[in-house]
Structures are given as C-alpha cells and as structure tokens.
Amino acid sequence: ETGVTQTPRHLVMGMTNKKSLKCEQHLGHNAMYWYKQSAKKPLELMFVYSLEERVENNSVPSRFSPECPNSSHLFLHLHTLQPEDSALYLCASSQSGGGTDTQYFGPGTRLTVL
Amino acid sequence: GQSLEQPSEVTAVEGAIVQINCTYQTSGFYGLSWYQQHDGGAPTFLSYNGLDGLEETGRFSSFLSRSDSYGYLLLQELQMKDSASYFCAVRDGSFQKLVFGTGTRLLVSP
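So the sequences go chain by chain: A and B. Start counting the first sequence at 3; every next residue gets the next number (the working numbering). Start counting the second sequence at 2; every next residue gets the next number (the working numbering).
In isolation and in its complexed conformation, chain A is listed as follows (with noise of 0.2 Å):
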C-alpha cells in the first residue's frame, strides 16, 4: 500500500451504532488530519494530530472521538450520530516544516446515518 489509505470505504450506521473509521498514512509524515465534506459546503477541518498529540478540535461534537495510536494510524470513533453527520469523511497527513505543508489524502469514507 501507498500514500494514505481508510477503511471502510462506505457505511452505513443506525443512530444507536458505534462504529470506527481507520486511516493509514505509509509516507513517513508526523501530522495526520480528519476532514468532513459535505455537499456543497467546504471541506471542514475536525482533527490535527502531531506527533500522536491533538493539536487541533475544531468544535466537534463529542459523538466524533479521533484517536491516533502512532505517527501511521489514525482512528476516528464515531457513536450516537445524527442524520447530519452523513457526509464523506477524508483523512489527510502532511509533513511539518515542509515548506508547502502539503497534504496528502486519503480516498474517504462515505458514511450514512439513517
């Protein structure tokens, strides 16, 4: 595997299921991210992880619990979601001091709250 990679890549969950999504960065970077895209709003940044700390919660409801374990996976838990929580949930790592920052993502997860 290459580049970053999440699993699963669709779900669908009731509002009383706990479920986890999983992101795996094989670059080497030591910052890791979770965005939430919906349709038509902008990219939405929830997580900065650096260097396994949490740097960033950006107003996120506690239904969204992020996780990361070492500098290669990312987790968010996810528990007691609502119907507006459906949207596609992108993971993205980056390397500090790197000039650009660029972020490098991974495919998404296509999540449905019913």
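In silico DSSO-like cross-links for lysine-lysine, where the CA-CA straight-line distance does not exceed 30 Å:
| # | chain 1 | residue 1 | chain 2 | residue 2 |
| --- | --- | --- | --- | --- |
| 1 | B | LYS98 | A | LYS38 |
| 2 | A | LYS38 | A | LYS20 |
| 3 | A | LYS38 | A | LYS24 |
| 4 | B | LYS98 | A | LYS43 |
| 5 | A | LYS43 | B | LYS82 |
| 6 | A | LYS42 | B | LYS82 |
| 7 | A | LYS20 | B | LYS98 |
| 8 | A | LYS21 | A | LYS43 |
| 9 | A | LYS20 | A | LYS42 |
| 10 | A | LYS24 | B | LYS98 |
| 11 | A | LYS20 | A | LYS43 |
| 12 | A | LYS42 | B | LYS98 |
| 13 | A | LYS43 | A | LYS24 |
| 14 | B | LYS98 | A | LYS21 |
| 15 | B | LYS82 | A | LYS38 |
Keep in mind the hints are simulated off the structure, nothing from the lab.
Assemble the complex: chain A is given as a structure, and chain B must be docked to it using the hints.
Structure of chain B alone, referenced to chain A:
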C-alpha cells in the same frame, strides 16, 4: 476568522484556457494552495504560492497577489480529464491548519 470565495462553477471546452479565482480574508497568511478533486476521489495537491507572482507546473499555473488577497489557478490546453472540483486553501498560522474554499466545479466539454 478565515473565509475564501470561489465561483461555484466554470464551463469551458477542450483546448481552451480557464481561470479560477479565489479571494480570501484571513487574520494571518501563510500561503495559498490549490487542490483538485474528481468526483468520488480524494483531493490532490496542485500548486502552492507563498509569495506574490506566478508559479507554473506544466499546464497549470497559480498566481498570488497578497496585497489584493487574491489568487487564481490557470488551466491551459484543457482536457476532458480536467473536469473536477478545484479548491483554494489558506494555511492558518496555527500549525498546519488549512482552511478551504467552497470549491469550483469545472466542466470541460468536447
């Protein structure tokens, strides 16, 4: 806070040149980036401007004027595969937080 404005949609024909504008309002400025996203795909990095002027990468160029809080992405010799959404983004001073525009959907027709 940060805000970026882009046109919602642009149409063009193959072989043409198209310019996608981006105006921004930021409390701090650390460069303007452009990303491309095909339907169902991941955003991919296209270009970055940290200083005023034009950056050229093959058929794509990006321009920045910090005094005008304005930039644009120029796509030349358009191809059907260029049909995608294009996002401008500015880096917030706090770490590497990127704030994205709403995106411009480019439709290239034969």
